[in-house]
Every structure is written in structure tokens, then in C-alpha cells.
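Trainee: So the sequence lines, in the order shown, correspond to chains R and W. Counting from 1, position 62 in the first sequence corresponds to residue 62 in the numbering used here; the numbering is continuous, with no gaps. Counting from 1, position 14 in the second sequence corresponds to residue 14 in the numbering used here; the numbering is continuous, with no gaps.
Don't read these hints as lab results, they were simulated from the structure. Predicted model, so just to flag it, every value in this text is computed and none were measured. We treat Cβ as the ideally placed atom computed from N, Cα and C, and that holds for glycine. Some hints here could point you the wrong way.
[As the list claims (entries may be wrong)] Have a look at the derived ranges for each label pair, beta carbon to beta carbon:
(1) Gln92/R / Ala15/W: 33 to 43 angstroms
(2) Cys104/R / Val14/W: 37 to 47 angstroms
(3) Gln30/W / Val259/R: 36 to 46 angstroms
(4) Ser28/W / Gly482/R: 24 to 34 angstroms
(5) Ser210/R / Ala15/W: 14 to 24 angstroms
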Amino acid sequence: MASKAAVTTKISCYHCGEPYLNGKINLDTKQFCCEGCKMVYQIINENGLCEYYNLNQNPGFNNRIPVRPDKFSFLDDESIAARLITFKDEKQVHATFYLPQMHCSSCLYLLENLHRLEPGVISCKVNFTRREADIIFSTNESSVRKVAEALTSVGYEPWISMSDLKEKRPGISKKMIYQLGIAGFCFGNVMLMSFPEYLGIDASETGLRSMFRWTNFALAIPVFLYSALPFYESSWKSLKHKFLNIDAPIALAIIITFVRSAVEVISGTGGGYFDSMTGIVFFMLAGRILQDKTYRQLSFERDYTSYFPVAVSVMKEGKEVPTVLPTLKPGDTILIHNEELIPADGILSRGKAFIDYSFVTGESIPVAKEVGELVYAGGRQTGGNIEILTVKEVAQSYLTKLWNKDTFRENEEPKPTSFVHLLSRYFTFIVFGIALATGIYWQVNNPSHLWPAVTAIFIIACPCALLLSNTFTNGNILQILGRNRLYLRNAETIENIAKVSHIVFDKTGTLTQSTEQDIAYEGEPLDERQLEMVAALAGSSSHPLSRTLFKNLGITSDLEILHFKETRGAGLEAMIGEDIIRIGSPAFLGGDIENEAGTRVGVSINNKIYGYYKYSNHYRTDIDLLLQQLQKTHRLSVISGDNAAEHENLRRLLGNDARLLFKQQPEDKLNYIRNLQRTGEKVMMIGDGLNDAGALKQSDAGVAVAEQTNNFTPSSDAIIGAESLPRLHAFIKICRANRNIVIASFILSIVYNLIGLYFAVQGTLSPLIAAILMPSSSLSILLISFGGSNWLARWMRL
Amino acid sequence: MSVIVILLIASISVAGLFLFAFIWGVKSGQFEDDFSPASRILFEDKPAAQVTGNIE
Numbered sequence: 001m002a003s004k005a006a007v008t009t010k011i012s013c014y015h016c017g018e019p020y021l022n023g024k025i026n027l028d029t030k031q032f033c034c035e036g037c038k039m040v041y042q043i044i045n046e047n048g049l050c051e052y053y054n055l056n057q058n059p060g061f062n063n064r065i066p067v068r069p070d071k072f073s074f075l076d077d078e079s080i081a082a083r084l085i086t087f088k089d090e091k092q093v094h095a096t097f098y099l100p101q102m103h104c105s106s107c108l109y110l111l112e113n114l115h116r117l118e119p120g121v122i123s124c125k126v127n128f129t130r131r132e133a134d135i136i137f138s139t140n141e142s143s144v145r146k147v148a149e150a151l152t153s154v155g156y157e158p159w160i161s162m163s164d165l166k167e168k169r170p171g172i173s174k175k176m177i178y179q180l181g182i183a184g185f186c187f188g189n190v191m192l193m194s195f196p197e198y199l200g201i202d203a204s205e206t207g208l209r210s211m212f213r214w215t216n217f218a219l220a221i222p223v224f225l226y227s228a229l230p231f232y233e234s235s236w237k238s239l240k241h242k243f244l245n246i247d248a249p250i251a252l253a254i255i256i257t258f259v260r261s262a263v264e265v266i267s268g269t270g271g272g273y274f275d276s277m278t279g280i281v282f283f284m285l286a287g288r289i290l291q292d293k294t295y296r297q298l299s300f301e302r303d304y305t306s307y308f309p310v311a312v313s314v315m316k317e318g319k320e321v322p323t324v325l326p327t328l329k330p331g332d333t334i335l336i337h338n339e340e341l342i343p344a345d346g347i348l349s350r351g352k353a354f355i356d357y358s359f360v361t362g363e364s365i366p367v368a369k370e371v372g373e374l375v376y377a378g379g380r381q382t383g384g385n386i387e388i389l390t391v392k393e394v395a396q397s398y399l400t401k402l403w404n405k406d407t408f409r410e411n412e413e414p415k416p417t418s419f420v421h422l423l424s425r426y427f428t429f430i431v432f433g434i435a436l437a438t439g440i441y442w443q444v445n446n447p448s449h450l451w452p453a454v455t456a457i458f459i460i461a462c463p464c465a466l467l468l469s470n471t472f473t474n475g476n477i478l479q480i481l482g483r484n485r486l487y488l489r490n491a492e493t494i495e496n497i498a499k500v501s502h503i504v505f506d507k508t509g510t511l512t513q514s515t516e517q518d519i520a521y522e523g524e525p526l527d528e529r530q531l532e533m534v535a536a537l538a539g540s541s542s543h544p545l546s547r548t549l550f551k552n553l554g555i556t557s558d559l560e561i562l563h564f565k566e567t568r569g570a571g572l573e574a575m576i577g578e579d580i581i582r583i584g585s586p587a588f589l590g591g592d593i594e595n596e597a598g599t600r601v602g603v604s605i606n607n608k609i610y611g612y613y614k615y616s617n618h619y620r621t622d623i624d625l626l627l628q629q630l631q632k633t634h635r636l637s638v639i640s641g642d643n644a645a646e647h648e649n650l651r652r653l654l655g656n657d658a659r660l661l662f663k664q665q666p667e668d669k670l671n672y673i674r675n676l677q678r679t680g681e682k683v684m685m686i687g688d689g690l691n692d693a694g695a696l697k698q699s700d701a702g703v704a705v706a707e708q709t710n711n712f713t714p715s716s717d718a719i720i721g722a723e724s725l726p727r728l729h730a731f732i733k734i735c736r737a738n739r740n741i742v743i744a745s746f747i748l749s750i751v752y753n754l755i756g757l758y759f760a761v762q763g764t765l766s767p768l769i770a771a772i773l774m775p776s777s778s779l780s781i782l783l784i785s786f787g788g789s790n791w792l793a794r795w796m797r798l
Numbered sequence: 001m002s003v004i005v006i007l008l009i010a011s012i013s014v015a016g017l018f019l020f021a022f023i024w025g026v027k028s029g030q031f032e033d034d035f036s037p038a039s040r041i042l043f044e045d046k047p048a049a050q051v052t053g054n055i056e
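All chains, full assembly: derive it from the sequences and hints.
Mentor: Written out as C-alpha cells, the structure is:
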């Protein structure tokens, strides 16, 4: 409790909750961290929507970086706007916006009251799970652009990207849920109708008995023809590829059970096994849905187009013309504003570029470029506007080429290598063998027993138990991991993670925290007033190094700054009171330019250099423990786009066997992974930026690290919340345990199968025995898979 | 025996009703978003869609 109290006494921004350090931005007794947050508050307050702040504390997002006023001018282009519009007539337009900032009930409240902010809006309905808002507005009074700008004005900038426009994000198909519902309905009723038969209905009541049988028959038809469709489709597909997957024997068992039961009912010789059949279809569908439950708010498929803007301003005869990216041609001159991504490789033709290549190289400190120099796609301009003469198309640029590589295409044909399929294949051959032997035996001894005995074998020996244990264990493990903020793309990823033998880490943003850096001061000590001056000066700049310095000093200052001057890529200078203070690179201050690795920012007051702030990477909490654990079980590598300044630290953290590589280009990373794979390693790549995207895709299990879940991550097999990364070792362990749980429940099911087979080969499998064996084996499998994985999770404290 | 037939028809039609309700619920998207409806009901001022709905 004590620590909580300490936190609340620290003043934080009323809108976004970030520390209130500036000391100047206030309104109505509320404090704000920046002008952006204050403006959003003003808009919300003026429209009487302050309930927004009552529902949750500090619900907003930081608005320090203002959105350029005509950013959404490209939405005036009908063809682009049309992609967001789902319906349009003379009166109304329906449009869907993706708003990744949405995170709480306050957001919901504000967005659904959008009509108060933007008069043309008729209604706004939020789908929270998909982070989407369906907005209806009047055709005459508003436009897609105006709505987008209204959303942006309150801090919910819609994310509009080429790839999101192209495709809808997948979810569980509704069809499968209908199939499950129908199977459940039929299963329940068939079960009820079968009781009289099991309990020995009075033989004299033949009319009643046949009525029950025929009702069962009728109820089984929709299950056979509709609910079981996914199994037929999947097995047909696998047979076409000349591969026997687990669904093939299951589909066969369903068909044989149904046909045999139908024959029995029609000929009046028995009640059939409709209850077993419908039950097994129901359970298997349930398992499949549990396993396929994906995280709809996450996207695992992002490529570079998600990062790039939809349109850029092309300069034509001195005017800005918004142009959609794919139509950008080499030779066009494009205008890049502050904080915008460069979409294609080009030559800087006007302005001073100061480009943050953190997407491409992982290096977070911007580099200065002069007119005439080549700039690469993926860089983000910080500072004023620049003009670039494009020399390559978007898809042909250096960074984007990585995605278009043919290597990725090769792997697109999915090869189901899951051990479950292999197990089921052996299983199927054995069952066929037993069926054949039994068939021959009865053919010789008593041909009348042939048909019941052989069909009974197929019914009883269907590998549904294996499928059930697999899907339910997978589904449960996916949920346990999801609870711990490791989100897997699909169930196959569990097995891939279990098989990993070599783990490759990216450094910046993965092992270290890209938003934080450690700062150590070396030199003549500064007194209180001097420190305050440094803080005041650093606080006036938006350069990442200044911001970090300001945050680390944590001093609120209201000193008056005069003659402030910022030289991009060099440093800051200003007059405070009587003193001239300058902070910046050693070269800027005229100090010693000894070529030391790492970043340094010097402080000079009245032309005397006092000392230097040394910046070093801030490793994530507990990452050292994780690396110690992983050293024992996996081979490790670090592959970084950065310089070798951290070599010693990393060597200490990862041990002597680890391979450390620095100054690696995105392509080098990809090739490194591929070379490891050639030597037979199963590689897990853990990275965060676009520069790791190629490697993430090439690896057997690519894990993207996300600081926040709604951040954009490159396409990968899994997304891990940054604070969960230290527990990776436990996650790998539970993925490995998955296989054991599946095998354990499979062995149990084989025991049941053997009991069933004992009756089946003799041709004496009564529906009652089948009806007891099937559900009890299914239930015990559910118990083992659920109980086993939950118990493990609790044991590992997940 | 006829009583059993009536019971049978009754029980299956009741179950059928529930199946219909389930399919209806899935179709209308009730299971797609489990957060917004729960929060929406707590807001003091009604969203626009409901306001216009009352006027019409």
C-alpha cells in the first residue's frame, strides 16, 4: 500500500497519465504533460463529454506529437475513401475505421458519442474486440475525411493502411459455430431417445421402439450431412495431397457408423450407434473451435504495407497531390512531413533530412542526411519537411524487397508435420490390419459375422480420442499462454516452439528497452541550479536523447529560456539568466572527439565543459535470469543492427557459448537464420522491428515483442508482451509438456480402444457398451488434457 | 403410448426453439463483442443510435 500512495502523490497528466514534469501546462486545475493532451481535454470538455475522465483514470493516449492538419487529405480521393465505406446512398454513408488506441470503457463512451463532436455523424457503434468503429454519417454534412479528423482530434487517430484495406481479419467462421450448435442439439436428443433401448424397452412395444429409432435416424442426418462437413473437407484435401491426416480415419469412422446404423434401423435389426456418432462429432467440433480461437484484435500477418502510409504527397508543379502508394513511380518528387515514413528509396532533393532508421536497423538515434544523399524506405523523418526524388518503386525498395523474396513463397504449401498426424497414420494402418485379419477370420469361420465385426472395429477404433486430446490440450495451452500475454498465431506454433534448439535475439527493443536508456554522468559534479538548467534545456527539445535525459533527471523547472537554438544532429544552446548553456555531442561543444563506442551528450556552461552523460542500453528487468536459464537448454545468439558497444555486457549475460553479431543488416539476419536451419537447427527468432521481419518469417518460430498489445508488430508466429519476455523459459517448457499430455491421454484412449476391440472382433459390440465407452473415454481425455495442462500451469506459476 | 409421442414432440420442439435462439444469437453477432454491451449499459447518456430510434 505504501508504494501505491507514493505513486499517487506524484502528479501525472490528467489526460494520459504520463508524468507531469513541465510545470506549465494547466487548465481548470488539471495538469497536462503536453499541449496535445490539453487540447484534447479542451475539446472533450467543451462538448460536455467529461464523463470520459470519470469512467477510468487518465484514459487518454499521449498526444505530444501533433498530427499534421492535412494528413487525411488523401481521403478526399474517392477511390481510397471507398475502401473504408461499406454502404453509401444519397442520405447516409456507413464507414468502418480501425482504431488501435481503443482500450477501455472510456474510449467506448467517447467514440459512441462522436455525433456530439462532429455534427454530420449520425451514429457510431464500436466493436471492441475488433477495435473497430462502424460510423454512419450524413452524406451531405460530413465526409470520411472529416470523420477521420474528428476522431484524430480526440486522440483516436484511425489506422488506415494498404494491407488493412485489402483484407478482412479472420475470426472463427460462423459456419463452424452453427455446425457445433446443431451437433449439440442432435446429440442431446439422440442420447435421450437412446435410453429406452439401453434400459431394455419392453419387447412388446415394437411400435414405440421403432419410433425412437427412426427419430434418432432423422436427428443424425443433419449431423452426418452438415456438422461433420469440416472433417470430410479436411480429409479430402489431405488425400488429394497424398497425405493421410488425422481427419481421414475420423471421416471414415463417421461414414461407416452412420451407414451401419442406418442399415440396422431400416432393416429393423437394431438401434445403431447414432448417439456415439453425434456425440463424437460434437466433442471434436468443440475441441476444434477451442483450438482455433484466435486473438481477433491482433494481426500476425502484417507486412510492410501496414507500416507505410496509404498515400503520400507528390509534388506536381509546386502543388501537393495526394497519391496512393502503389501508383508511385520512380522519378516522382515526394514531400515527407515530420514523423512520416519514407515509402520508397530516393535521393534527398530539398531540406535537411534527419532520419530515424529504427525500423530498419534497430538503431534509435536519428542520422543526418544532406541534399543529394540516398535515403532508404522505412526511415522516419524527424524535423522539417523534406523532398525526395524517388528512384525505386515501393515494392522494389531495399526494405520491402525482403518481403518479396521467393524463399518465403516456397514454404507456403503447408506440410502438416505435427506428430499427431504421424501417430494417427500408424494408428490407421494398425486398425486396417486388425480389420483385415478379423474379416478373413470371420469369412472362413462364420460369414454372417463379417459385416458387424469389421464395421464395429472401425467405429470403436476411430482416432477421435487422439484428436480430442490434441485439440483440447492445444486450446487450453493457447489460453494459458494468452493469459500470460504470449499470443500464438495457431496451435501448430506450440509444437514449433517445443522443438526449438537455437534462440536468436535481437538486441534493441528486445533484450533492451528501446524507450529507456541508462544514463551515467561523468565529469565535474553539477550543482542544483546547473542541473535544473540542463533539465530546462533538455525539456525544450523533442530529440530522443534530450527527452531521455529530461526524463532521467526528473526535475521540474520553470526557468526562463532565452535565445533557444537547436542544431539537428548536434545539440542545443540557450541563455538562462546570465549563463550560456549548451548540451550536445562532443563535436558540437568543441570537446575531445575521441572515438569511444556509445553515445555521449556533453554539458557546457559559459564555454566550460563540465562533463558527459553516457547513454547505455537499459536491459529489461529479469532478462539476465531468463538468459541464464536458457543457456542450459538452448544455444543462443544475439544479432543486432547496432554497434558493438554492448559486447561485454551481452557476453556476461549470455555466457561464453553464445554467438554475438553486430552491425547486421536485415538481410544478414535472415541469412543467419537460414544458415542455422541448414545445419539442422530449429530456430526461434525474437525481435521487434521491421528490421527483424525477414528473420522472423524465416525462423521456425518467430516471436515479435510488443511494448503494448495494440502496437504494430511485424508478421510473426507469436506476439509476446514485453513484460512477459522474462518468463519465456516457462512458456517453452509448457509447450514441450503439451506433447506429453497429448501422448498420455492417447495411451489411455488406446486402453479404452483395446477393451472395445475385444468386443468388436467377436462381433458382440452392443450399442450399450459403445455408448458407455465412447463418452467415458472422451470425458477422461478431457480431464487429462485440461487438468494436466492447468496443473502444469499452476505449478509453473503461469 | 400416445402420451409418449406427444411428450416426444414437445421436448424436441422446445429443444428446437433453443437451437433457433442460439443460431439467431450467433447470426446477429451477440457473441462477437463481449465488452461493449456490458459497458454501454452503464453510460448515463444514450448513444445516438438509440436516441434517433426513439424519435422515429
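Trainee: Now tell me if each hint is right for this structure.
Mentor: Hints, verified against the model:
Glutamine 92/R and alanine 15/W have their C-beta atoms about 41 angstroms apart, which keeps the hinted 33 to 43 angstroms range intact. Our hint of 37 to 47 angstroms for cysteine 104/R and valine 14/W holds, since their Cβ atoms are close to 41 angstroms apart. Range check, glutamine 30/W to valine 259/R: about 38 angstroms between beta-carbon atoms, so the 36 to 46 angstroms window is met. The hinted range of 24 to 34 angstroms is satisfied by serine 28/W and glycine 482/R, whose Cβ atoms lie roughly 26 angstroms apart.
Hint check: serine 210/R to alanine 15/W, Cβ distance near 22 angstroms, so the stated range 14 to 24 angstroms holds.
Violated hints for the displayed structure: none, as all numbered hints are satisfied.
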